[in-house]
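J.: Build the full structure now, drawing on both the sequences and the hints.
As a plain string of letters, each chain reads:
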Amino acid sequence: MSKDTQGTPVLEARGLVKRYGKVTALDHCDFDLQPGEILAVIGDNGAGKSTLIKALSGAIQPNAGEILLEGRPVSFASPNDARAEGIETVYQTLAMSPALSIADNMFMGRELRMPGLMGQVFRKLDRKRMEDFSRQKLSELGLMTIQNINQPVETLSGGQRQGVAVARAAAFGSRVVILDEPTAALGVKESRRVLDLIQEVRARGIPIILISHNMPHVFEVADRVHIHRLGKRLCVIDPKDHTMSDAVAYMTGASVPEGVAEPA
Amino acid sequence: MAEADRYEDVVRTRSDEKFAEFEDTGKGLWGRFHELLHTTPAIVPLIVLLAACIVFGLILGSKFFSPFALTLILQQVQIVGVLAAAQALIILTAGIDLSVGAVAVLCSVIMGQFTFRYGVPAVLSVPIGLACGTAIGAVNGWLVSKVKLPPFIVTLGMWQIVLAVNYLYSANETIRAQDIEAQAPFLQFLGTKFNLGGAVFTFGVVLMLIVVLVLAYVLRSTAWGRHVYAVGDDPEAAQLAGVDRHRTIMSVYMLVGFICGLAGWVMIGRFGSVSPSATTGVIGNIQAITAVVIGGISLFGGRGSILGAFFGALIVGVFELGLRMAGADPQWTYLLIGVLIIAAVTVDQWIRKVTA
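Protein chains in written order, with the UniProt record's numbering: chain V, 1 to 264; chain L, 1 to 356.
Keep in mind that the hints were calculated from the coordinates and are not lab data. All C-beta atoms in this analysis are idealised placements derived from N, C-alpha and C, irrespective of residue type, glycine included. It is possible that some hints are incorrect.
When the alpha-carbon atoms are kept at most 30 angstroms apart in a straight line, the in silico BS3-like pairs for lysine-lysine are as follows [claimed, not checked]:
hint : chain 1 : residue 1 : chain 2 : residue 2
1    : V       : Lys137    : L       : Lys353
2    : L       : Lys146    : V       : Lys22
3    : V       : Lys124    : V       : Lys137
4    : L       : Lys193    : V       : Lys22
5    : V       : Lys240    : V       : Lys189
6    : V       : Lys189    : L       : Lys148
7    : V       : Lys128    : L       : Lys353
8    : L       : Lys63     : L       : Lys193
9    : V       : Lys137    : V       : Lys189
Sample of chain L residues with no beta-carbon within 12 angstroms of chain V, all distances over it, derived [as the list claims (entries may be wrong)]:
hint : residue
10   : Val218
11   : Val243
12   : Ser277
13   : Leu335
14   : Ile337
T.: As structure tokens, then:
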């Protein structure tokens with residue numbers, strides 16, 4: 001299943017650098033995401049995973065280095081730029097407005113307007129179209145039996161909210177879906193469901209970047225594991241050839257993978 | 001991965017996967033009522049408004065329920081109504097604007113002084129006044145959004161600055177109603193009265209209704225309106241979800257400045273004269289906040305509707321007129337409004353609980 005080197009990566013980063021004052025969060029970091037794979041990104045706290053992901057999703061701008069989307073250099077000034085290229089992110093905080101409805105949240109920042117005069121002159125939102133689309137996307141991912149697509153997000157459980165956030169990303173993420181700690185705040189049963197969801201999304205051919213601290217989850221769903229350490233990619237391993245203990249040892253520096261020179 | 005590691009699989013096989021169904025769990029009548037309030041918060045002030053009308057109607061009879069008395073309430077709340085609409089917008093973004101009343105007074109002074117001091121035609125000095133209001137709003141918005149100062153502080157300062165500029169610029173001179181009527185009647189345009197089946201309306205009242213209805217539509221049915229709620233609810237989340245936070249906040253403060261300018265124009269229509277020492281400059285902000293709070297808009301942002309603020313302004317108007325007609329000491333009005341404010345926030349806390 002490992003697709004190490006064939007073809008052009010969907011998303012690629014070369015020599016990314018990001019400094020916050022004296023702290024170097026990304027130190028000439030490389031990154032590759034192959035078509036159709038689930039790539040897990042693991043690393044200890046402070047290793048720079050979040051910074052890497054934010055750079056790839058446009059939430060921060062790296063000081064140096066380049067990002068390539070399907071081989072073409074891109075630069076994202078904001079999350080909207082990345083989104084316009086089909087890269088969707090599910091943030092750990094979910095980035096949802098609790099008081100607004102599921103449909104409002106699905107379309108936040110990319111609302112659909114009514115056709116014709118009502119939309120152009122009066123900027124009227126096409127609620128029906130947005131609601132139908134949201135309902136359809138939620139049921140495609142098996143997230144819905146009936147329902148009130150207009151209920152506020154705050155009335156949903158943690159798992160349901162995560163489900164809506166994943167559905168939003170899957171619905172609009174035509175090229176890449178990034179998931180930041182999707183199971184961190186969830187119970188066992190809800191995590192299970194979200195992992196199924198992730199595989200569901202991959203089954204539609206969309207590659208996924210999964211940031212997680214949960215080794216069993218990473219080893220269960222990932223095709224490759226990108227191990228991040230001290231602001232750069234230490235190595236990429238195939239979960240079938242390594243154990244979880246190996247991975248933990250690499251990311252904490254307890255041992256060094258073959259062929260990698262660990263700096264002092 | 002070894003079989004022994006799949007310790008979570010037991011959940012998959014033994015659960016019925018009822019994890020994300022959105023089912024109505026039969027909450028009963030009370031629950032439904034709570035849900036209705038949760039989704040339509042303007043209902044509470046509407047109920048209070050109707051109840052107040054009924055009570056005063058029973059006490060005062062046809063004296064209160066005459067078209068004259070009811071439209072008098074509208075005329076009396078027109079300035080506060082417009083200011084409350086502006087205030088509601090700011091409070092929806094989790095801000096607060098203490099400068100609304102002062103900006104309204106300054107705008108009315110600018111409209112008057114440009115006409116009388118510089119000889120600018122009134123049809124031009126009104127838009128100039130509105131532009132000044134918008135510009136002050138832009139400064140407030142910029143300080144809140146870019147410099148990241150708390151809105152309370154920014155507008156507390158702006159309130160004092162605007163009031164002082166207002167006195168300095170006008171030299172505390174009132175422009176008399178007769179002079180305006182003779183030389184620049186357009187300034188008093190919003191005071192124009194017209195009769196509709198025994199009820200007397202002014203254009204100012206009509207303008208207030210238009211402002212409220214347009215804002216209600218825009219907030220409900222356009223992307224910008226949804227962004228205002230999202231930014232007020234959780235600015236970080238809104239930003240990550242793709243909302244331009246800075247643009248949204250700037251546009252809200254500028255629009256509020258513009259609406260305050262309109263309130264200034266309404267003031268000239270209502271009073272006839274242009275007075276830099278109009279009480280609106282000092283208490284307009286508090287009156288507007290009172291209406292907004294009674295109208296059920298959360299001071300924490302993101303919740304409530306502009307119609308609620310309008311109902312809040314009307315409730316205050318009904319209390320003032322009703323108690324005056326009943327011959328009560330005006331202090332009773334303040335006492336009851338104080339009770340209403342506290343009650344409104346208590347109800348708001350209850351409504352905001354997701355499950356009753």
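J.: Lysine 240 of chain V and lysine 189 of chain V: Cα distance at most 30 angstroms?
T.: 25 angstroms, holds
J.: Decide, holds or violated, for the assertion that all CB atoms of chain V are farther than 12 angstroms from the CB of serine 277 of chain L.
T.: 41 angstroms, holds
J.: Is the straight-line distance between the alpha-carbon of lysine 137 of chain V and that of lysine 353 of chain L 30 angstroms or less?
T.: 29 angstroms, holds
J.: Is the Cα-Cα distance between lysine 137 of chain V and lysine 189 of chain V 30 angstroms or less?
T.: Holds: lysine 137 of chain V and lysine 189 of chain V sit about 22 angstroms apart, inside 30 angstroms.
J.: Straight-line Cα separation of lysine 193 of chain L and lysine 22 of chain V no greater than 30 angstroms?
T.: 68 angstroms, violated
J.: Need the status of pair lysine 63 of chain L, lysine 193 of chain L: alpha-carbon distance at most 30 angstroms?
T.: 21 angstroms, holds
J.: Is the nearest Cβ of chain V still more than 12 angstroms from the Cβ of valine 243 of chain L?
T.: Violated: least Cβ distance 5 angstroms, not greater than 12 angstroms.
J.: Take a quick look at whether lysine 124 of chain V and lysine 137 of chain V sit within 30 angstroms of each other, Cα to Cα.
T.: 23 angstroms, holds
J.: Need the status of pair lysine 189 of chain V, lysine 148 of chain L: alpha-carbon distance at most 30 angstroms?
T.: 41 angstroms, violated
J.: Using Cβ atoms and 12 angstroms as the threshold, tell me whether valine 218 of chain L really stays out of contact range of chain V.
T.: It is violated; valine 218 of chain L is separated from chain V by about 8 angstroms at its closest Cβ, not greater than 12 angstroms.
J.: Mind checking the alpha carbons of lysine 146 of chain L and lysine 22 of chain V for me, to see if they're no more than 30 angstroms apart?
T.: Holds, because 25 angstroms separates the two Cα atoms, which is no more than 30 angstroms.
J.: Check whether the Cα positions of lysine 128 of chain V and lysine 353 of chain L lie no farther apart than 30 angstroms.
T.: At roughly 28 angstroms apart (the allowed maximum being 30 angstroms), lysine 353 of chain L and lysine 128 of chain V satisfy the hint.
Checked against the numbered hints listed earlier, the structure breaks hints 4, 6, 10 and 11; every other hint is satisfied.
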